[in-house]
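K.L.:
Now for the letters of each chain:
There are 2 protein chains.
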Amino acid sequence: MEQNQRIILVERPDGMPDETHLKMETAAIAEPGEGQVLLKTIYLSLDPYMRGRMNAGPSYAPRVELGDVMVGGAVSQVVASKHPEWQAGDFVVTRSGWQSYAVVDGNRLRRVDPKLAAISTALGVLGMPGFTAYAGLLNIGKPQPGETVVVAAASGAVGQVVGQIAKLKGCRVVGVAGAEDKCKYVVDELGFDACVNYKSDDFPAQLAAACPDGIDVYFENVGGRVLSAVIGLLNDFSRMPVCGLIAQYNGTELPLEHNELPKLMRAVLTHRVLIRGFIQSDFQADFPQFLRDMSEWVRNGDVKYREDVVQGLENAVSAFQGLLVGRNRGKMLVQVAEDPSR
Amino acid sequence: MEQNQRIILVERPDGMPDETHLKMETAAIAEPGEGQVLLKTIYLSLDPYMRGRMNAGPSYAPRVELGDVMVGGAVSQVVASKHPEWQAGDFVVTRSGWQSYAVVDGNRLRRVDPKLAAISTALGVLGMPGFTAYAGLLNIGKPQPGETVVVAAASGAVGQVVGQIAKLKGCRVVGVAGAEDKCKYVVDELGFDACVNYKSDDFPAQLAAACPDGIDVYFENVGGRVLSAVIGLLNDFSRMPVCGLIAQYNGTELPLEHNELPKLMRAVLTHRVLIRGFIQSDFQADFPQFLRDMSEWVRNGDVKYREDVVQGLENAVSAFQGLLVGRNRGKMLVQVAEDPSR
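So the protein sequences, as listed, match chains Z and G.
Per the working numbering, the first sequence runs over residues 315 to 656.
Per the working numbering, the second sequence runs over residues 315 to 656.
One chain only, chain Z, in its complex shape:
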């Protein structure tokens, strides 16, 4: 009899999470109650925000309790339904976590149309990362034609979309990434104007050279030395949407460096910079328009995307470690079961 494989948070990591914190176990597959559906996970999404959920401290969303299944979005297929809207065979996206089966409230699913695009895109370009890029860039970044937009983590699930939308808006787009092949990808395949490797010794000078007219929009999801180099290049009235700080997620104490807060504040004052943190759900009302725009852009080739698919739930922890240090190439997914839509 088939069992549910699931990954439990058993201990809070202090730095990089591993199998001592995230343990795989086997359990019986639950039965759906009234209004519920039983789902079989096909693709599990791995995203940087998950690291924050493993901490004890408060964040913008509840932490995962010890002993609970690790949270996460997934594309799944309905196996059995006790909800009028859903039938066995339907494809859906929901937050069912790091497990191979899940029983979920039927009201908390979003339908995925396999004719529209590959179903995995509901976790990437047509899902949360794509919407994060769209909502943050357009609502906060407000890129204008001819402006320079710098995108941190440029080849990641969010960054690749940010840069392509900024190109559609007529901007000069400069990516920042941590590997030469990532830089090559966003320039050659995605049409960014330039890309700088933040691991280069002379990264600040390279970034300055790539932004001869300064920076009007910095899409921040990294923090650390990328942010530090950006500060000195910010133009008057520049905007900085902040949706992540992956370089800081495993930092367990404040690094003993120069205090760079005064430098940032001086730039904010002198150049009248706008900095605003957000999560995509702050702009939930824009989601239908996002789906219409992005589906069209993907269909006509204006927005391309790349996925990095790891096979098997048993490899989720090591894949997540890779994501935190930038080993992924594009949107990170775990294929938990065969994709019947392909």
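Simulated from the structure, these hints should not be mistaken for lab results.
Please read all numbers here as calculations on a predicted model, not as lab measurements.
Be aware that one or more of the hints could be misleading.
With a Cα cut of at most 25 Å, we get these calculated BS3-like pairs of lysine-lysine [as the list claims (entries may be wrong)]: (1) Z:481 with Z:456; (2) Z:456 with G:456; (3) Z:513 with Z:456; (4) G:513 with Z:577; (5) Z:481 with Z:577; (6) G:618 with G:456; (7) Z:498 with Z:483; (8) G:483 with G:456; (9) Z:513 with G:577; (10) Z:498 with Z:577; (11) Z:577 with Z:483; (12) G:577 with Z:577.
Partial list, computed: chain Z residues near chain G (C-beta under 7 Å) [as the list claims (entries may be wrong)]: (13) 537; (14) 556; (15) 562; (16) 575; (17) 579; (18) 582; (19) 583; (20) 584; (21) 586; (22) 589; (23) 590; (24) 591; (25) 602; (26) 605; (27) 607.
Positions of the beta carbon are idealized from the N, C-alpha and C atoms, including for glycine.
Dock chain G against chain Z, hints included.
P.N.:
Chain G in isolation, oriented as in the chain Z frame:
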């Protein structure tokens, strides 16, 4: 024959400016040309932003060149006019600098009505500092009834107005100042709900106690340890207008402390904080409405103000030093000549 006394920037200060940087000299009084007026300075305004103008580096406004009269706003009386709009005896406010007489383009004056309020208020509550408070608080801070507003430099020319407008908007208002008598003043005289002395050893704990519901708006014009203590108290969707950083102005290098930039960025992300730098002229279109609102508030006693008037241009440099370390009590002015409107 009367001469023009003026203070010249002769050397760029590295820390606190003094008479080796700002030198008083005597010169002939110039004649106004066509379209110009000759002004006699009555009150000279001293403001923290002036420190930035003494530096070689770029700021949001041009630096003062070596050998030039130090810039600054003043309330003056027209002595002679070759401009159709102005007559001898008129009171005006303009940026005529640290000098007892000035020849100025007649198109660059704003009329001051001595019947509306004391003419000195055109440099304070009804002038640039009052407008800075009004424009930044209402356009960026957007205080809502019941919210907590924290005001740095609470008893200063800007801070005292910020807190009183926030009270008018129904907020809980907590001041931060550097002396017990300043705290007593903003609570007892201006109606702030509380005020905390940032020089106290347990300042962060005192600030937290004064803000039991966290901070929704932090009006930033100080930086340094005040900002550091505020970061941990910021609520979801809080706003931080930034119009000054007086604690940093004399800092000639980045202090060797913990790097607090990651702490700020984490708060921005977790609580979706908005930070925005501004100068009052960014909101110039609001100035007429400000004059109407603030004149009424001053007239009916909703907004009170305090001025700290030093006698004689020869005392301007020491008064400015006092301003930078917070020795002033209210809006800092230098009385350069007798006020004939009193």
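K.L.:
If a hint holds in the structure, say so; if it does not, say that too.
P.N.:
Each hint, compared with the structure:
1. Restraint check for residue 481 (chain Z) and residue 456 (chain Z): the C-alpha separation of about 13 Å stays at or below 25 Å, so the hint holds.
2. Simply put, residue 456 (chain Z) and residue 456 (chain G) have alpha-carbon atoms about 21 Å apart, close enough for the 25 Å limit, and the pair holds.
3. For the proposed pair residue 513 (chain Z) and residue 456 (chain Z), the alpha carbon gap of about 29 Å is over 25 Å, so the pair is violated.
4. A threshold of 25 Å between alpha carbons decides the hint, and for residue 513 (chain G) with residue 577 (chain Z) the separation of about 23 Å falls inside it, so the pair holds.
5. Between residue 481 (chain Z) and residue 577 (chain Z) the CA atoms are separated by roughly 30 Å; this puts the pair beyond 25 Å, and the hint is violated.
6. The straight-line distance between the Cα atoms of residue 618 (chain G) and residue 456 (chain G) is roughly 21 Å, inside the 25 Å bound, and the hint therefore holds.
7. For the given pair, residue 498 (chain Z) sits about 22 Å from residue 483 (chain Z) by alpha-carbon distance, which is consistent with the 25 Å threshold.
8. At most 25 Å may separate the alpha-carbon atoms for a hinted pair to count; residue 483 (chain G) and residue 456 (chain G) meet this at roughly 9 Å.
9. A C-alpha spacing of about 23 Å is found between residue 513 (chain Z) and residue 577 (chain G), which places the hinted pair at or below 25 Å, so the restraint holds.
10. Only pairs whose Cα atoms come within 25 Å are accepted, and residue 498 (chain Z) paired with residue 577 (chain Z) is rejected, the gap being roughly 32 Å.
11. A C-alpha spacing of about 30 Å is found between residue 577 (chain Z) and residue 483 (chain Z), which places the hinted pair above 25 Å, so the restraint is violated.
12. Restraint check for residue 577 (chain G) and residue 577 (chain Z): the C-alpha separation of about 14 Å stays at or below 25 Å, so the hint holds.
13. Of the supplied interface hints, the one on residue 537 (chain Z) holds, with its beta-carbon coming within about 5 Å of a beta-carbon of chain G, less than 7 Å.
14. Of the supplied interface hints, the one on residue 556 (chain Z) holds, with its beta-carbon coming within about 5 Å of a beta-carbon of chain G, less than 7 Å.
15. Against a cut-off of 7 Å between C-beta atoms, the interface hint on residue 562 (chain Z) holds, since the closest Cβ of chain G lies about 5 Å away.
16. Given the 7 Å rule on beta carbons, the hint for residue 575 (chain Z) holds: about 4 Å separates it from the nearest Cβ of chain G.
17. At about 5 Å, the closest approach between the beta carbon of residue 579 (chain Z) and any beta carbon in chain G falls short of 7 Å, and the interface hint on this residue holds.
18. Proximity of residue 582 (chain Z) to chain G holds as hinted, the smallest CB-CB distance being about 4 Å (cut-off 7 Å).
19. Against a cut-off of 7 Å between C-beta atoms, the interface hint on residue 583 (chain Z) holds, since the closest Cβ of chain G lies about 4 Å away.
20. Interface hint at residue 584 (chain Z): satisfied, since its Cβ lies 5 Å from the closest Cβ of chain G, which is below the 7 Å cut-off.
21. Interface hint status for residue 586 (chain Z): upheld, as the beta-carbon distance to the closest one in chain G is roughly 4 Å, under 7 Å.
22. Hint status for residue 589 (chain Z) relative to chain G: holds, with the closest Cβ pair at about 4 Å, below 7 Å.
23. A least Cβ separation of about 5 Å between residue 590 (chain Z) and chain G falls short of the 7 Å threshold, and the interface hint therefore holds.
24. Nearest Cβ of chain G to the Cβ of residue 591 (chain Z): about 4 Å, under the 7 Å cut. The hint holds.
25. Because the beta carbon of residue 602 (chain Z) sits about 22 Å from the nearest beta carbon in chain G, more than 7 Å, this interface hint is broken.
26. Look at residue 605 (chain Z): its Cβ only gets to about 23 Å from chain G, farther than 7 Å, so that hint breaks.
27. Interface hint at residue 607 (chain Z): violated, since its Cβ lies 23 Å from the closest Cβ of chain G, which is beyond the 7 Å cut-off.
Checked against the numbered hints given earlier, the structure breaks hints 3, 5, 10, 11, 25, 26, 27 and satisfies all the rest.
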